[in-house]
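These protein sequence lines are chains A and B, in that order. Position one of the first sequence corresponds to residue 71 (the numbering used here), numbered consecutively onward. Position one of the second sequence corresponds to residue 714 (the numbering used here), numbered consecutively onward.
Warning: the hint list may mix true and false statements.
Here are some of the chain A residues that sit facing chain B, going by a computed Cβ distance under 8 Å [to be verified]:
| no. | residue |
| --- | --- |
| 1 | 83 |
| 2 | 346 |
| 3 | 680 |
| 4 | 752 |
| 5 | 771 |
| 6 | 772 |
In short, the hints are calculated from the structure, not lab data. All values derive from a computational prediction rather than experimental measurement. Glycine residues also receive a C-beta, built at the ideal position from the N, C-alpha and C atoms.
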Amino acid sequence: MATSSVSKGCFVFKPNFKKRKISVPIEDYFNKGKNASEDSKLRFETYQLIWQQMKSETERLQEELNKNLFDSLVEFLQTSHSGLWKNSKDWSCEIKLREIPTAALVLGVNVTDHDLTLRSLTEVLQNNVTPYVVSLQAKDCPDMKHFLQKLVSQLMDCKVDVQSKEKESVQVIQKNVHYSMDSLSAWYMSVTQKTDPKMPRKKRTSSSQWQSPPVVLILKDMESFTTKVLQDFIIISSQHLHEFPLILIFGIATSPVVIHRLLPHAVSSLLCIELFQSLSCKEHLTTVLDKLLLTTQFPFKLSEKVLQILTNIFLYHDFSIQNFIKGLQLSLLEHFYSQPLSVLCCNLPEAKRRIRFLSANQCENIRRLPSFRRYVEKQSSEKQVALLTSDKFLKEETQSLLENLHVYHKNYFLVLRCLHQFTSSLPKYPLGRQIRELYCMCLEKNIWDSEEYASVLQLLRLLAKDELMAMLQNCFKLFQSSSGKELGNTAKKIEEFLAQFQSLDETKEEEDTSQSQSKGLQKTDLYHLQKSLLEMKELRSTSKRQTKFEVLREQVVSFVDSLVREYLLPPDTQPLHETLYFSSAHTLRQHLNAAPRIALHTALNNPYYYLKNEALRSEEGCIPNVAPDICIAYKLHLECSRLINLVDWSEAFATVVTAAEKMDANSVTSEERNEIIHARFIRAVSELELLGFIKPTKQKTDHVARLTWGGC
Amino acid sequence: MAKLASELAKTPRKSVSLNMKNDPKITIDIPQCSKGHSSSDKSQLKNNDKSEFLSTAPRGLRKRLIVPRSHSDSESEYSASNSEDDEGVAQEYEEDTNEDILSQKIQAQNREVSAPVFRETPSKKMKREKTSHLVEKYFEAHSSSKVLTSDRTLQKLKRAKLDQQTLHNLLSKVSPSFSAELKQLNQQHEQLFHKWMLQLHLGFNIVLYGLGSKRDLLERFRTTMLQDCIHIVINGFFPGISVKSVLNSVTEVLDHVGTFRSVLDQLEWITNKFKEDSSLELFLLIHNLDSQMLRGDKSQQIIGQLSSLRNIYLIASIDHLNAPLMWDHAKQSLYNWLWYETTTYSHYTEETSYENSLLVKQSGSLPLSSLIHVLRSLTPNARGIFRLLIKYQLDNQDNPSYTGLCFQDFYQQCREAFLVNSDLTLRAQLTEFRDHKLIRTKKGTDGVEYLLIPVDNGILTDFLENEEEEL
Chain A
71 MATSSVSKGC FVFKPNFKKR KISVPIEDYF NKGKNASEDS KLRFETYQLI
121 WQQMKSETER LQEELNKNLF DSLVEFLQTS HSGLWKNSKD WSCEIKLREI
171 PTAALVLGVN VTDHDLTLRS LTEVLQNNVT PYVVSLQAKD CPDMKHFLQK
221 LVSQLMDCKV DVQSKEKESV QVIQKNVHYS MDSLSAWYMS VTQKTDPKMP
271 RKKRTSSSQW QSPPVVLILK DMESFTTKVL QDFIIISSQH LHEFPLILIF
321 GIATSPVVIH RLLPHAVSSL LCIELFQSLS CKEHLTTVLD KLLLTTQFPF
371 KLSEKVLQIL TNIFLYHDFS IQNFIKGLQL SLLEHFYSQP LSVLCCNLPE
421 AKRRIRFLSA NQCENIRRLP SFRRYVEKQS SEKQVALLTS DKFLKEETQS
471 LLENLHVYHK NYFLVLRCLH QFTSSLPKYP LGRQIRELYC MCLEKNIWDS
521 EEYASVLQLL RLLAKDELMA MLQNCFKLFQ SSSGKELGNT AKKIEEFLAQ
571 FQSLDETKEE EDTSQSQSKG LQKTDLYHLQ KSLLEMKELR STSKRQTKFE
621 VLREQVVSFV DSLVREYLLP PDTQPLHETL YFSSAHTLRQ HLNAAPRIAL
671 HTALNNPYYY LKNEALRSEE GCIPNVAPDI CIAYKLHLEC SRLINLVDWS
721 EAFATVVTAA EKMDANSVTS EERNEIIHAR FIRAVSELEL LGFIKPTKQK
771 TDHVARLTWG GC
Chain B
714 MAKLASELAK TPRKSVSLNM KNDPKITIDI PQCSKGHSSS DKSQLKNNDK
764 SEFLSTAPRG LRKRLIVPRS HSDSESEYSA SNSEDDEGVA QEYEEDTNED
814 ILSQKIQAQN REVSAPVFRE TPSKKMKREK TSHLVEKYFE AHSSSKVLTS
864 DRTLQKLKRA KLDQQTLHNL LSKVSPSFSA ELKQLNQQHE QLFHKWMLQL
914 HLGFNIVLYG LGSKRDLLER FRTTMLQDCI HIVINGFFPG ISVKSVLNSV
964 TEVLDHVGTF RSVLDQLEWI TNKFKEDSSL ELFLLIHNLD SQMLRGDKSQ
1014 QIIGQLSSLR NIYLIASIDH LNAPLMWDHA KQSLYNWLWY ETTTYSHYTE
1064 ETSYENSLLV KQSGSLPLSS LIHVLRSLTP NARGIFRLLI KYQLDNQDNP
1114 SYTGLCFQDF YQQCREAFLV NSDLTLRAQL TEFRDHKLIR TKKGTDGVEY
1164 LLIPVDNGIL TDFLENEEEE L
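Extracted from the complex, chain B is given alone in its bound form (with noise of 0.2 Å):
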């Protein structure tokens, strides 16, 4: 059904079948780690060889066999690392880029210091043309700038905008399938509730990771495991937190009056308050430490900090694809992590709820509406100035070098509309309307004004359309 899909959807013929060949790749990585093992064997085969020819050859040549060790004994080591392999099933895949290196640098090393026994080659080619099939397949997506896709877009399409409401009315509709494994799957997790707890006063603390939004399950972790303990929820979905805010929870748990000069003095006043009294307890809850917001260096960096205090326990959950780039090894060390797989496919309400984690494309009714309303407290002349420069960005929207329109112009034309008579008042509705964002202003080359309505032309033509319906 795929096939009729990609069919029906007309994407250009990257065949579905084509691509079924491609995908298993993961999932072979398990006779990959056979190979893993199988070059470990080899090269320890190798080096008997060697050793029994070495054990009958004469002395001179002895000596002349000594000298490539160097070569086959880091040659082992590779291989032990491959050999690491061998339960996980994927493993590889994320050392992947590293492990090529690796066995690139091993078949070379073969090359050089051995001609005989290359039984096990065809695997070891087989893994590079597949690595550097990997590597074609990067350049072949980012190799020419022209990406051939349809040019259909939403807008033709009536259902095409919904607010998040209706979508929330809709999706309640949609019934649930496979409740039952699902709720088996998150008891599994609920067991490890005990342990977590041990874990985390243990000085380790917890991360989880999987598909699914993880925040009911911190949720019924919260409340049967942390019931009579200090702890902080931290949303870090939510698009207003910052470290900050984290910080001064914690001070507000201290019961700390009075403010800080800086993040990092209010980082140390909590450390010495955990250090004086022994007999504090605080337990972290972060959703979504991989945050839009909280993703930044500085702000895992001192959170990391938060979390190596002996005295604060942090159980976090990350979801993005990368999240695990986010921590060096400095960092890796301060948060002392112990990692959780917990699978959950509950899907992820809560996260993509705010604004600006969907789509803007799909969800364009809230700016419009917004417009609207704001428009709708002006003055008629106001209405007309911003209708003015509505016009004037809509006429503009297919040249490329659009950056605005320049003031002096602008105040030109709204003089001919009559709807200003100097250049103050027309600076004085502009203030306002920068103070709704409705309009940006941007300096320049020339040192002139821009001005610029950070909207979306297609919500801008439904705003004019609703306007003259009105009207």
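Here chain A stands alone, though its shape is the one from the complex (with noise of 0.2 Å):
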């Protein structure tokens, strides 16, 4: 083989200059895979197209979610940093001059985020209060030098995006200055008094009403910093205030409570913190799918196993928006990889002038598609033929089936969310507090069928009138906002309600009057009175189930189920929904949330999974004797406890191996077979070593120690 060697572990490839430049284009790689590629080309563009959607849509939300607190941030440095100059002379700023303004930015522990948060808090503040932000990593800065080090050349890159003539000068200063704090302000001061008189800066005006912008300075990772090396930073930079205006963000994974754990309080007194939190990622997740998936705005959707298990990887995993995208992506490639009709999965004008131009094959595809064939058996019998006969019938049945598909959606996910204002506020949450959790359910069947929505039901005959007024003024906005003209008249309905509502308040006290006037007690007797207060008795509990407001509840309750039955059918009952969902949940764990400790532990107890062959068949837990060496003596090994000698495994191992063999024609002399079958123990037991399940151990002679417990 071209890359084994004894003596070297990296072997380079490199083509010829020429060869390499006639690279394959990514789309080939997509259509090869499969035999049938049907529009292969026009799939893997529409894929992208609509990932860069999708993406560039949630770059915004985050940019969205995130305003609010890079606002706030933006304002703390101004003042911090305009107070610190201003009015020097107030003997309150005079102790503040000692304190380095910090802002201790609370991130939340999907570590993975950060990065892109705070790349784009670096980008505000670049434009907004100074040129001068340095972001640092732990890693980066194992010791004070290095931190410095870091800093500095990060500062001169920022000033060199300045002015860029001064480039050769500063890369000499690079490799002299020697790094310290001294060094740092002189050259701070040099920057600022060259630059200050010219004023070359012309868009950021807001910063140039400062004479001199401050140097803020970011620490993505405050916790996995070195005590000392922030200690020791601080302190010297507090000294250097004066000439060097520093402000510090603190990246922060865990609660604020470890800058008090990291710092001791002569270091942290040093500092005037301020606390921010970020948007937690619960929220942010909400807003993520109600953009991306709740909306008809991108076509393609999920299936009720595979956001279960997207949404599980996020809560239950690593609270990361970064890995749910990433999921997300992998489903929308799976889907437009695996399903040849996805092609249909774009907008509606250009999904219907796609379908006039679908081959013979397709057609075929649409066919057989389970979704449709469902939906012909329900037609009548010349349809029936005419759909599995005419390619052209079927294209136009195609087009207006897509297009209901469309509008089934648009009403669908209005009635989502008028439910959900419904059901989000009820006690106890029997539909889920978030949209996404009713979402689920949703799609996985008739939502009306089960026990939750019955128990949602009874719940609502439970509200108070100010509650029901507010979620039918909440969905009649939801309605108002959309365009859709099906559900037109919901709206107005609901208006209908509020309007009797209000007027309920009236005629409920007339009620109330009228009553009591009827109760005016006459003189009888005793027989009488009985009668008159058992009649009165069921008055009371007939008029109250007939109160004015009971009524019109009942009427909300049930209008607000009848949308849910008309409009919230789960998507597999419609046809041709294969084009749109992705529903192979499978592949998605596997690829993002694989267990490679099940797979090995699979393959050595029970190989028949992986080989096919009847041979290698058992019952549980047994293991035949023909099976892979290594299987064999897995099997073995799980017999022993911590410690195994390895002539007993050797000579347990041969037994078996040798009583499998007996089963062939003997051949061999025994002498040379026992040596064959030891070396086939030696290689099994090394590779047992490399898969980590043993390891070789000083505390007896010939024995390795076992690296897991238990029979598995």
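Got two chains here, separate frames each, mind docking them using the hints?
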């Protein structure tokens, strides 16, 4: 093999330059994999288009969500800095002069998303506050020297951006400078003095109001910095604060307490800390879902299982939006890769156009869709024949079906949000607090068949008037904001309900008075009294059920119920839903949330799972003696406790293997056969060592230690 | 036959039958999944019960009932995590410990929140019992410092020692079994090549796991797909590999002359280079990303940063049981992995062929032969000196606190045997030994040098026998 050698471990392959130029376009990989590659180019293009749109949408969302945080941060930086410089004669500011303004930014445990947030923060700061923004990571700064070195070099780079003329001189400096705070402040002085009189920065009008812009230092992962470096840096820079206006931003993943754990009081008293909290990642997820999946903007949809997996990975593994987006990207890719009809997964006019150009093969694909077959079965026999034989008729039908599907989605999301309005504030949240939980349930099955839904209706029947009205109001707004015509009268109906509720107040009062009048007591005997009391009781109970408010409430509930039953059908009842919905949850889990240990165990414990040979079929827990050597060795090692005697192990192995070989014709001499078996044992053992099941030990001669425990 | 084997093996009587019962634990996980279901069902059921109750309850009671809401809420979330595992056969196994804690919590809450409807408890209890059983097993295995195993050693067996070559020869005589099925498995994997290329280009990196060497598979991938691309193959199992050499080969591709001050500098240079020139494309194939030399935190960080570059495509394989523990969330997001299971059942021939990956005891012939070779090139006096040291070490082999021979004593002994005439000549000899890694010196607590031969005692005995035969 070209890549095995006993003297080196890296092999570089560099083809001729000319050859390299002819690189294969990515689309080629897209269609070659599958034999039946229909419209693969188009599919790939659609994939890229949708993915780009989704990506930019999420980025936009992220920006929007971070806006509040950034605004307050910028404000803090501006005030703290200007306070530092303007009225420095004030005594309180004298004290403050020693304190480094610090923003502690609590970002949450989703470490992977921090980078993105901090990057956009840097951008914002550079545009609004100061050109001198430096961000450092703990892994770059193991000690003070590296810390300063990084700081200086990044600062110089900042400057180079501003004035590219001095590039050469900067480079010279970079090599010679002995990195220290002194040199840094000297550099700062020279830069600010040089630029100040000229005022070269035009676009930064806001920052030019200060004589000198501050230097913002972002410590991306505050927790992982070494305490000593941090302490030293803070002490030193506080000494230089008057000539080197520094502002710190700590990125914190855990909790603000960590500052005091890392820094002793003497050091933390040099900081003037203000706390900022970033948006919780759960809310972030909700918004992303809301804008990417619960909308008709993107035709691509996820099935219930897939969505469940993605949210579960998010909630139980990492809280990372980035990973969630990655999962979304993967499912998008898989969908377009594996489903030939995903060609139709685009906006409606384009899809209609594409239908016209579908090949005969693709028409066949449509006919094979389970949802379409179910649809055909429901049609009249002539139509059935037409659908199954004429491509032209099929295409027309497909167009109308797709249109229906789009309308279905439009209504679906409206009604879903409406239902969410009603359920999200109920006690105990029978249908979930977040809209994604509700969405998952609705995707899975007919929501009205579930017991939770029944309990929701019951709870709705108990609502007070003001609660109910608030919900109706929200729904009304929802329906009004949408332009859909199909649900136009729904909005009207809700409005009517609202009006009726309002008018209810007056009528109710009247009722009360009329009732109290009739309650005038007359003198009667005991029998009559009893009778009238009974009557009154009956009257009261019936009248209670029949108060106008209750009647109206009942109407609202049944109205909601009818909406749900009409519009919240699960998507798999819709014909052609396969074109838009990605449902292969299994692949997604395999590639995103794999379990290597399980795979190893299954391969070792039950080789039949992979090697479909009848000889390997066995009862649970047993292993046939013809199984691969490593499986037998593994099985035998399971019987031992912490230490394994190699001699015993090898003999047990030999026994098993010999038993297996006796079935074959025995041709080799026994001595040689024994040697071969021993060699096989050695191989199996060293493979188990490589896999990490055992390791050599010195506790006892010729023993190995087991690294796993228990029988599995 | 396993029974037979263990009987012959005289391993302590943890009989096979007992094990047979324990082993299917994983496969039994299928019902366990349904357990996950049932627990979630149950919580829903309970919720319903309560809400129905709620709807009929008068107002005052309602208020009281709302209070435990938080409990049942969190509970339903936990059970969702259970039902997540409805497909993967034994997915739970990996997160076992986690979920155990969860399930225990759930149970605790159940007790707290509601008394009625405990229809499902037996299954839950079983699960708990099972896990506590597992835990007990751990302590069972690790509680007593004494482990009962037989005292037999390999040295008594004649065929115990094989060198690499004979091992290879012997194994080549074994006819491979199940070749048809293995071929089928491999073909399945090979069908994925195009998909891998696609996904690599779209910004994912690919990691292969599963039993069996993935070297051949990756090699086929390389020869079929990467002929026209620049690519680097890295044998992680090579004992001399380091991140530095990985980075060096990358810079070699980029035609860099000169050196770098540090690994970080080098990484930065590479990053800049790739950012400047978007037409550059580089495939990295790493066999055994989890090998001894590459599994360190820093190495992984650097390789992760390399792989996160847009135009570097990484496809790697892992074999170790606990390999995924190398990566925390930050690193995982750098790598941006897509996992592919490629169980091949091929033997790890190349991966285990390096001396240090085999159990040393079985391949002791190599140190022995090198010992003989080195000693032959020395003067008779030097050989005598070394033999003295060996004998002293063998005399003390039963002494657990033996740290080595003190230099002064050694000098004395050598003088008495007329091997050296001064302190200096002995030191000169020792330097030579040390250069060949035949001895190791250690400073004791009292500041005196101690000399030790870092070779197995069994080999030393063999060596002495050998020497005597020759004389």
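Worksheet item: With a cut-off of 8 Å, does the beta carbon of residue 83 of chain A approach a beta carbon of chain B closely enough for the hint to hold?
Response: For residue 83 of chain A, the interface hint holds, since the closest Cβ of chain B sits about 5 Å away, which is under 8 Å.
Worksheet item: Taking the least C-beta to C-beta distance, is residue 752 of chain A closer than 8 Å to chain B?
Response: holds, 5 Å
Worksheet item: With 8 Å as the cut and Cβ atoms as the points, is residue 680 of chain A at the interface with chain B?
Response: Cβ of residue 680 of chain A sits 5 Å from chain B, so the hint holds.
Practice prompt. Tell me if residue 771 of chain A is really an interface residue toward chain B, meaning its C-beta lies closer than 8 Å to one of theirs.
Written response: holds, 5 Å
Fill in: Hint check: 8 Å Cβ-Cβ cutoff, residue 346 of chain A to chain B
violated, 22 Å
Fill in: Satisfaction of the residue 772 of chain A interface hint, Cβ to chain B closer than 8 Å
For residue 772 of chain A, the interface hint holds, since the closest Cβ of chain B sits about 4 Å away, which is under 8 Å.
Violated hints amount to a single one, hint 2; each of the other numbered hints is respected by the structure.
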